[in-house]
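Chemist: Listed below, chain by chain, are the residues.
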Amino acid sequence: MAGESGGEDVVAEYLGQNPQLAQWVETFRSYCESNKQWVARREFILRNMEAFPTVKPGVSSSSLDRLLSLSMVWANHVFLGCSYPQAVMDKIKEMGEGIKVQDPPVHKTTKDEFTARGKRSASAELEDDSCVKRAKAGPNELDSRPALRTAARPASQKLGPPPQAPAEHQPFFNRLYKAVAWKLVSAGGFGPNLDHFEILRSCVESCKQTLTCVFVPLKDITGLPAGRTQKEGHVCEIRCQTVFMGTGYGRDEAAARAMASKEALKVFQGRKVTVKICRRRYKGKDVDDLMLLDEQPRSQGFPPALSYPFQDEQLEDSSS
Amino acid sequence: MGVPAFFRWLSRKYPSIIVHCVEEKGKECNGVRIPVDTTKPNPNEVEFDNLYLDMNGIIHPCTHPEDKPAPKNEDEMMVAIFEYIDRLFNIVRPRRVLYMAIDGVAPRAKMNQQRSRRFRASKEGVELVEEKSRVREEVIQKGGYLPPEEIKERFDSNCITPGTEFMDNLAQCLRYYVAERLTNDPGWKNIVVFLSDASVPGEGEHKIMDFIRRQRGQPNHDPNTHHCLCGADADLIMLGLATHEPNFTIIREEFKPNKPRPCGLCGQTGHEIKACQGMPREKQGQHDEFANTMPAAEQEFIFIRLCVLREYLARELTMASLPFPFDFERSVDDWVFMCFFVGNDFLPHLPSLEIREGAIDRLVGIYKDVVHKTGGYLTQNGYVNLERVEMIMQAVGVAEDNIFKKRKDDDENFKRRNKEKRKRMKAQQQGPAYLTTGQFAPHALGRRDRPEAVQNARHQACDMRMQSNMVNDGADSRGVKRKADDSDSEPEPEDNVRLWEEGWKQRYYKNKFDVDATDEDFRRKVVQSYVEGLCWVLRYYYQGCASWKWYFPFHYAPFASDFKDIKDMFSDFEKNTKPFKPLEQLMGVFPAASGNFLPPTWRNLMSSPDSPIIDFYPDDFAIDLNGKKYAWQGVALLPFVDERRLRAALADVYPDLTSEEKRRNSLGSDVLFLGKSHPLFDFIHELYRTESNEGTEIPAELCHGIQGRLNLDDDPILPDNTVRSPVPMLRDVSQNTAIGVKFKDPPYPDGFVFKAVLLPGAKIPSKVLKPEDWVRGNGQPWRPQLGFNPNRQQAHLDQSGFRALGYVHIYIFNIINVKTSKKKKKKVEHSCFPEFPVKVVQTFCIFTFTSVRQIRTADISKKQNWRKIGRWFNWSYTGFVSYCNDRVCFVVCLFFKQCITRSLLQSSFPCFYFEQQTVMPF
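Those sequence lines, one after another, are chains A and B. Here the first sequence stands for residues 2 to 321, where the numbers follow this note's numbering. Here the second sequence stands for residues 1070 to 1991, where the numbers follow this note's numbering.
Careful: at least some of the hints might be erroneous.
[To be verified] Pair by pair, the computed Cβ-Cβ distance ranges are:
(1) B:T1646 x A:Q18: 37 to 47 Å
(2) A:E296 x B:P1724: 41 to 51 Å
(3) A:G271 x B:Y1214: 33 to 43 Å
(4) A:P218 x B:C1531: 54 to 64 Å
(5) B:T1646 x A:D295: 27 to 37 Å
(6) A:P218 x B:V1198: 53 to 63 Å
The hints are simulated quantities; they were obtained by calculation from the structure and are not laboratory data. Using N, Cα and C, we set each Cβ at its ideal position, and we do this for glycine too.
Generate coordinates for the entire structure from the input sequences, incorporating the hints supplied.
Modeler: Listed below in structure tokens is the structure:
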């Protein structure tokens, strides 16, 4: 946010030094534009004026109109949620780089709307859903708006699972969902007195897969809140097919594993489970991770990851 | 008006404004169709002078109908339009004027709405095609059958916009049509036809209003002209009221919600595309003989009598003990004005005023409260008194908080009820959870095949156990159950504004306008634009277009409580603004996907990244549901067109227009046509003979007092010149006797104000509603007026007629209280046509009909009709209507709170003949 106000300050200062230019630029403001929108668009115009050498302050010309038009395209995209042909989008993405807009409104395009109304096929639904719902749900979310992503995200762009990964993993978890449901029914329903790990393990194995458990002693975890008195014990993270299912803490490894399994089984209490790509902390950085989620919107973010199965790619990326 | 609910609300509240049309159908004799003779008196027992057609309401259903197969090509569309006009002409039978108005270039205020509609249409079209192909693939993979895909190109309804080739062709075709009918149809012999095609700027209905206004502003106008305006838009009612003509009737297709639509893939009704399974078609009739008949009957027409609406309004609006004299005409204008708050094509409606929630009644209530304090009316001749409007708005603003809370409550109650209802329905549908099978399977009693003795019971029991295991195995039962749960909670769009919670105003401005609550300036700006908008709209209805440039530059309306200090917010509009040229307008309303209607270099401006106006043409956009349920009710978040940049960009491509395109881009003129026997014919013919090129006034005495200026047409329709048919399947008019000439409405000086008053000499039609002080014991029961004629003759049939029709059987039951013991017991007593001696608590009667035709003539199949009839008679209607079989039996059951006698029934249902009394079979 500091950088943002900085950008504004620069613009304001620049305009303060060029009162004539400021006056001229002000004529481009349209009547219905709010201050916030206009300030952003003005920055867009000023930043890109040099790229249109024929634009002379105070003179209207067709190249000025082109610049104005692109500034409107950019503003319409950011503030109204319009999209344009790819060539135009690429152009404004490039031109708009570095301009920061504080909490831009979230709009659904009709395409999202269309799918959200239920006329959808399974795989398309998941991706769209993840974009729309998560955007409001948690801070750990991948930004669904490509043009803004550049501004909001650190440079680690190619990290993490491939975008099609959720769709690939989803069928397995659908099967697992059914298996767990039946298992719980036969065990008398979900409750505290179950052997959660055993249930989860047998279900996963009945679906011809295995669980991966990672254990980390609590004291080895950095960045915990300072006032924490508990220094003993272990934390366990359970994944299956690289998809994160749950984290749990316990006195010993078995207890931690049981707690993590319990957390994982909780996800299966919803109407369905969904694999999504979400942002979470891992070793002090934000990374994209594959998560198994239920439908409930989350009030808080996710616990930090203990392992990162996409590490290799990351290393490759950072080394190249 | 973009408020479909408005008409429904109006017709429910004021049921007597509606009169069903009587339509004489053409007969067929040996395969030859005999046209109806429209010179005969109108079967509706009223004579209309002028018929005005808002043509866009005709063009749309004729070119892309929703309830029947689409015409194959443009020629068929034209023929469909001709037939539709013929039908209307036959019903209305105008005696003086037929005015056809096609939408021309609209004012900027309307163009934003048109733009939004066209962008949506284009998007929906693409989505439909995508969905179709997706579902088609799925269905075929599953082994379903679908008829082969039609190769036909999809008709882009966006071409129904002024400036396109299609509209140009249409104008040509209509000229031919008019000449043909004037020459050959005796019913057209004495009428004047005006054709205002798409090249004349202005919306169709407003061109019509301009015509009426300018005619009635001149001294020769006949103040008792009976106008009939055709069109479905609710704003026609407002426009009609705004004329203050005493005889004004609107004709429209009957409003039938939820008509079954055939599936776009397999063509069968009963499901939507997404649910298509490609099942084989069901046979229609025993040998599939009804295969090509549409399930719904031909759409019928209704009249809306504005003089009756005025009667209702007079009752509602009349106020006693005002500090100033009450003037009904002025209060009607105020009523019209208040309806704009609830919805119009030019402004988004105020968030707190929703027609379904009785917003107009609320406004009227507030109006009657406040008018004592305002010291006068809100409007005069289409000019708004802002000071007084502010008082109304503030009064609405006070209630706003509660309105939103109540809306939420109602909504929640509605949802809860629906959920419960669904649950009930489901419970009813479910059979028993478990049925024994095999030799233990349940058998009906008393059937001939008696169950045999049980053999090997243990084995059977084992089988049954296995079977039930098999059924329960897998995810089946669970899957089903979950699905059922799902259907209970439909996906709800998230509402971030939450108008029912504290802080709604801040959230609204933040979410909708992206401004903070502290931004007072911005809020004022929105309010000011809205105030200008109210002034513009009212002026548009009463005086014509005040500014072609003005528009409301936001997507949302402010709150009523924001209307503070609005008195000085508006002075006047920019003078002498000009409408867009047709092609310029196309650039302003079309999405890039409809660019094919424009010349290549123009089209290029809609898609090239280097175009200086590329921002007008997003290829996808967000729709804010804004608390509504369906996408089409939501707000399309489209950018507005910057007029300066549009014109600058077009200046570069103007030289690329061909001469044909230049012609299409130019402004045209209204054209007047008439036939040989019209008194004005010789006068016009003389103009052509003498080639008098300066405009000539119509001599008022030759044309029922209609005035205007005539100019020679460049390519005129003249008598004895063959009129070529533009449609291959129709013949040329070789013996043409019609003549056409350019027509211009009478001019008025700048600043002239058309008075919104009744004209001197205007006679108010006789009253229709039951007088409020009607005393029942007056000897005669009140006889409601069903049609236009107060002294309508009841038709009678002879015996053979009834045999042909079939009988109506009526069973009347009176429920009387018979005290048997201490308890009161209700007992159903049968057959009481003779007056009943005992005190009757309730009556119900059952009508059974033996022919469908009878039902149609009686229009009995409509529940609302029964309700209406019930209201006339102060009966409590709680009847139901049900079909047993389309042909055999049809039952209506009515409950009355009083004793019903035969004579009373007969007088209320004159269309039936109560022939038989049959003893009820139970």
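Chemist: Next step is simple, just say for each hint if it's right about the structure.
Modeler: Do the hints match the structure? See the list:
The hint said 37 to 47 Å for the Cβ distance between B:T1646 and A:Q18, and at roughly 40 Å that hint holds. For the hinted restraint 41 to 51 Å between A:E296 and B:P1724, the CB-CB distance of approximately 59 Å leaves it violated. With their beta carbons about 39 Å apart, A:G271 and B:Y1214 fall inside the hinted range of 33 to 43 Å. Evaluation of the 54 to 64 Å hint for A:P218 and B:C1531 yields a pass: the beta carbon distance comes to about 57 Å.
With their beta carbons about 58 Å apart, B:T1646 and A:D295 fall outside the hinted range of 27 to 37 Å. Between A:P218 and B:V1198 the Cβ separation comes to about 59 Å, which falls inside the hinted range of 53 to 63 Å.
Hint violations for this structure: numbers 2, 5, all remaining hints satisfied.
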